[in-house]
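S.K.: Line by line, the protein sequences are chains A and B.
In terms of the UniProt record's numbering, the first sequence opens at residue 1 and continues consecutively.
In terms of the UniProt record's numbering, the second sequence opens at residue 1 and continues consecutively.
Just to be clear, a hint being listed does not mean it is correct.
The list cannot tell twin chains apart, which means a pair is met if one copy fits it or any two copies do.
[Stated by the list, open to error] Below, simulated DSSO-like cross-link-like pairs (lysine-lysine); rule was C-alpha separation at most 27 angstroms, straight line: (1) Lys226 with Lys332; (2) Lys179 with Lys332; (3) Lys81 with Lys69; (4) Lys382 with Lys181; (5) Lys81 with Lys153; (6) Lys332 with Lys508; (7) Lys284 with Lys5.
These are calculated hints, taken from the structure and not from any lab test.
All of these numbers come straight from a predicted model, not from anything done at the bench.
There are 2 protein chains.
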Amino acid sequence: MSTYKAPLADMRFVLFDVLGAEAQFQRLGYTDATRDVLDAVLEEGARFNETVLAPLNAIGDQIGCSHDKATGAVTTPPGFKQAYTQFVEGGWSGLTAEIKFGGQGLPHAAGVPLKEMIDAANLAWGNFPLLSHGATEALLHHGEEWQQEVFLKPLVEGRWTGTMCLTEPHCGTDLGLLKTKAEPQADGSYSISGTKIFITAGEHDLTDNIIHLVLARLPDAPAGSKGISLFIVPKIKVARDGSIGEANAVRCGSLEHKMGIHGSATCVMNFDGAQGYLIGQPHKGLMAMFTMMNTARLAVGLQGLGLSDRALQNALRYSRDRLQMRALSGAKFPELPADPIIVHPDVRRMLLTCKALVEGGRVMGYDAALQVDIAHASGDEKERADADALIGFMTPIVKACLTEWGVECTYHALQCFGGHGYIAEHGMEQLARDARITTLYEGTTGIQALDLLGRKVMQLQGAGLRVMLEKIERFCADNEGNAAVAEFIGPLRAKAGEWQQLTMAVGKRAAANPDEVGAAAYDYLMYSGYVSLAYWWARSVAASEASSQSARFKTGKRETARFYFARLLPRSQAHAITIGASVETLTGLDAEAFDV
Amino acid sequence: MSTYKAPLADMRFVLFDVLGAEAQFQRLGYTDATRDVLDAVLEEGARFNETVLAPLNAIGDQIGCSHDKATGAVTTPPGFKQAYTQFVEGGWSGLTAEIKFGGQGLPHAAGVPLKEMIDAANLAWGNFPLLSHGATEALLHHGEEWQQEVFLKPLVEGRWTGTMCLTEPHCGTDLGLLKTKAEPQADGSYSISGTKIFITAGEHDLTDNIIHLVLARLPDAPAGSKGISLFIVPKIKVARDGSIGEANAVRCGSLEHKMGIHGSATCVMNFDGAQGYLIGQPHKGLMAMFTMMNTARLAVGLQGLGLSDRALQNALRYSRDRLQMRALSGAKFPELPADPIIVHPDVRRMLLTCKALVEGGRVMGYDAALQVDIAHASGDEKERADADALIGFMTPIVKACLTEWGVECTYHALQCFGGHGYIAEHGMEQLARDARITTLYEGTTGIQALDLLGRKVMQLQGAGLRVMLEKIERFCADNEGNAAVAEFIGPLRAKAGEWQQLTMAVGKRAAANPDEVGAAAYDYLMYSGYVSLAYWWARSVAASEASSQSARFKTGKRETARFYFARLLPRSQAHAITIGASVETLTGLDAEAFDV
């Protein structure tokens with residue numbers, strides 16, 4: 001079985017030493033978010049995740065959720081409900097929600113380490129409370145006062161959970177095709193009918209009610225994505241005065257059998273004239289849905305991070321314990337029958353790849369959350385705008401890269417175990433199977449790539465990239481004479497310059513042929529991820545050297561940064577070449593001529 | 001459910017147009033291996049695999065093998081036994097084995113397409129007959145006459161199957177640590193005692209007997225890998241005169257629960273004073289085992305290829321059927337509600353990546369098999385020696401690259417399905433789970449990399465690389481004026497030159513510090529794979545243009561080669577940079593300092 005220990009030392013380092021979160025929170029008016037409070041959250045969060053959620057991870061995989069065809073009820077794996085109760089009682093649900101809605105009022109970035117811990121401890125379980133955040137966001141931004149009044153508090157407190165009902169059998173990415181109908185009723189509510197698939201936490205036994213946010217079409221809706229509206233559809237009816245009614249006409253038709261996250265209920269949801277309330281403007285549902293989506297995308301990025309970290313922790317333990325062969329440069333532990341496999345450079349390559357992607361990715365993911373707080377609470381309008389542009393730019397990078405790296409890290413970690421990695425009892429294969437969903441849901445990597453290059457770079461004229469490049473240049477200028485990071489500044493500056501040039505070049509080509517965006521998008525996305533990570537690694541070394549961390553800690557950061565620049569950053573070279581490749585190498589072949 | 005159709009057109013193209021196999025076979029004395037016979041083998045093999053094995057793939061995954069604790073018996077999934085009977089009755093088992101031992105006497109390369117089909121149709125099932133080949137090889141090369149007499153024919157005919165019993169709980173790669181004991185008996189046999197794990201097809205219900213080839217230590221054995229001997233241990237005792245006796249003291253203790261290949265029985269085998277016969281010289285068992293291992297490594301490479309092809313076929317079908325979004329350059333099918341996703345460049349990127357790796361990998365894998373025939377049957381001593389060196393050099397490349405690409409292709413193909421790829425019913429996730437074993441068993445990718453750089457390049461002074469580079473240069477020289485491949489010759493020559501230089505540079509550094517081998521091995525391996533594939537793609541285009549294939553076929557090859565050179569070969573650039581990276585970026589960190 002795989003084990004998990006929350007990486008508190010590195011979480012603290014990232015929050016406090018690299019990002020200066022304590023000062024930032026105070027500056028932004030989150031006066032409760034003191035170092036003491038944040039430390040307590042980390043410690044208590046670690047305890048809960050290590051002792052309650054992590055031990056349920058394997059059983060959730062083995063037993064999974066079950067569905068009662070007769071009633072439509074879904075039973076979660078043993079222990080999930082008790083863990084959820086503890087989660088709610090511990091006040092974890094509303095950690096970063098507003099106090100007036102029952103939350104703790106902490107900044108978003110203070111909740112991110114907890115989120116990472118949950119994802120590492122038990123990804124499948126984490127999907128139940130996760131979706132409530134999206135529903136909360138949608139209600140906060142688009143809900144009428146009575147809707148906020150009635151639905152927000154139970155969601156924030158975790159007494160109810162939420163869902164996002166977008167996908168239908170014939171449409172996932174292309175929501176313009178959706179068919180679910182909403183008929184206006186005399187009482188101002190709507191009658192919702194249709195089938196939604198892939199609904200995470202669509203039905204379960206953890207809470208008394210489930211609040212579905214459902215995309216559907218009004219009778220007069222224009223065709224396509226401009227005719228979609230968003231509705232609140234509770235599992236148990238809730239009146240405008242908050243009183244609870246009878247069961248609504250919504251039912252889980254079946255559960256999907258999946259490669260992984262067996263403990264997460266992935267439901268087919270049938271709405272058969274269910275009572276719903278319009279949220280936001282008619283036909284503007286897609287925009288409201290994107291409010292939920294962006295939060296969810298950053299959250300899924302953290303899932304990749306959490307799984308990577310857990311995989312690394314276990315691979316590291318195994319690589320120190322497993323004795324096999326002697327080091328090529330001579331026995332390192334002659335008293336043992338063989339050397340532990342961590343002496344072998346190729347095992348170290350796999351471990352260091354995970355370490356560099358996890359620790360660098362942690363800074364990337366946490367900073368994105370901090371930008372959300374800045375965009376929300378800064379008193380400076382330009383700072384808010386910059387943070388907003390940066391979030392928009394970084395969201396697809398965080399989502400796609402942290403999840404692609406999650407697939408990669410769980411691959412390497414499993415590989416460190418050799419054949420034992422393929423056996424269920426070690427738990428490594430579960431991590432690999434669970435990780436595999438993260439590059440698919442909330443928009444595949446390809447969709448993130450199009451969002452980045454097509455929308456955030458082309459349509460928005462690269463506002464977010466400009467902010468990022470300014471930050472990099474400021475860091476380089478600020479550290480001009482800093483011997484601790486001198487070796488990284490040159491390569492980083494060169495990459496930043498290349499990034500800008502590649503962006504301009506691809507923009508030029510895309511203006512002439514829109515297919516160029518699709519052709520370059522994936523490589524541009526991954527390129528951006530690797531260059532961003534170079535920045536975060538250089539900053540991590542600078543922060544570590546300037547901190548009161550131990551000499552061992554500082555060496556760890558410096559050596560991992562060296563590894564990153566020497567052995568992972570070169571991947572950006574391959575992506576850069578490919579970004580420049582002719583679009584015809586993708587479009588030249590007729591669809592019919594793909595077979596041989 | 002995923003489907004499978006044997007890619008006969010490309011198999012024929014590779015065998016006959018690219019490799020000129022018919023002429024080669026005739027030249028090597030395989031007079032029966034005419035085009036007509038080979039065509040019949042392909043057609044009949046396709047029929048068997050498409051109609052018998054492929055439909056059992058999903059059920060094998062869902063039901064798996066089961067183990068009876070009381071008797072130690074293993075039951076294979078429904079249909080496996082009947083399929084095996086058909087396989088034996090069809091004469092498929094001994095297709096490439098010598099006629100005098102009951103085989104069909106066809107060349108090795110003629111059996112490779114069948115092997116690929118089996119792996120694609122039903123990888124788990126294919127593991128039952130697979131291991132017999134290794135046992136056959138070991139008996140052919142190292143068995144005494146009576147051993148060949150008694151054991152070979154039933155193995156070749158498929159009436160019995162074989163196993164390779166190497167791994168023990170504490171040793172896999174490092175067989176020098178193994179503990180299984182062999183005590184000499186008065187009758188000249190040995191009493192074998194010990195526990196072996198991860199024994200593929202160690203127990204099953206397909207045949208009356210199972211012939212285990214077991215590594216064990218004699219009482220006077222030197223420590224380490226120089227004290228290991230190889231023994232034949234039948235499940236049911238077989239006397240020297242071939243008479244069948246009682247059950248031997250060998251028993252399956254349990255089956256492993258694995259990520260994939262559920263239909264393949266991965267057994268813990270307990271030998272409790274089982275009767276065995278020494279095969280080959282005492283203490284020379286490891287060498288005999290390597291005879292089996294090399295065959296098995298090429299075979300596992302083909303597993304990666306087969307799975308990649310099946311994954312691609314299904315992704316292609318789905319990408320043509322699934323309607324989602326419009327092409328960025330404007331609707332391609334305005335009459336449909338949306339365009340099929342194959343219009344999107346990023347979907348094409350994934351499909352073409354698979355296509356380039358599958359079709360290029362097919363040439364690479366089939367040529368390795370052809371080299372085995374040349375090394376075996378050529379009348380020219382230098383040609384035999386060259387082929388032998390080339391096999392040694394290419395075996396780790398074929399094994400590691402075709403399986404790493406198998407993991408990659410099943411990833412891309414699943415990704416083309418979006419969320420649907422994660423759902424069991426589409427069958428894509430099974431392909432990804434099944435593929436995951438191939439980079440682990442028969443030596444992990446890291447072990448292949450060490451074999452390539454440490455042994456085949458450093459110890460054997462790159463004899464195999466020299467042969468490969470000569471072939472590339474000869475091809476380039478021969479095609480100097482060939483307009484059809486002019487665009488590829490320059491880049492290929494440049495890569496070949498770079499390959500030679502990188503090899504010399506890494507050799508120099510490794511002479512000074514043996515850890516350099518371990519540090520560069522993985523990147524050197526993958527680099528070698530990508531450059532080899534560039535050669536095979538250039539040759540494929542040349543062969544296609546010179547052939548009587550259709551214009552559509554020729555376009556397919558040319559456009560895929562262009563894609564490969566523009567969008568996959570650049571990966572070699574990242575590997576080249578990394579090969580040159582300092583070894584200290586891997587060895588600089590103390591094992592204790594990996595945690596944060």
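S.K.: None of the hints should be skipped; say for each whether it holds.
M.R.: Going through the hints against the structure:
1. Lys226 with Lys332: Intra 66 angstroms, inter 21 angstroms, cutoff 27 angstroms: inter-copy only.
2. Lys179 with Lys332: between (65 angstroms within a copy, 23 angstroms between copies)
3. Lys81 with Lys69: within (21 angstroms within a copy, 35 angstroms between copies)
4. Lys382 with Lys181: Result: close neither inside a copy nor across copies, 42 angstroms intra and 76 angstroms inter.
5. Lys81 with Lys153: within (20 angstroms within a copy, 60 angstroms between copies)
6. Lys332 with Lys508: between (56 angstroms within a copy, 23 angstroms between copies)
7. Lys284 with Lys5: This pair counts as neither: shortest intra-copy Cα distance 44 angstroms, inter-copy 46 angstroms.
This entry does not satisfy hints 4, 7, going by the numbered hints stated previously.
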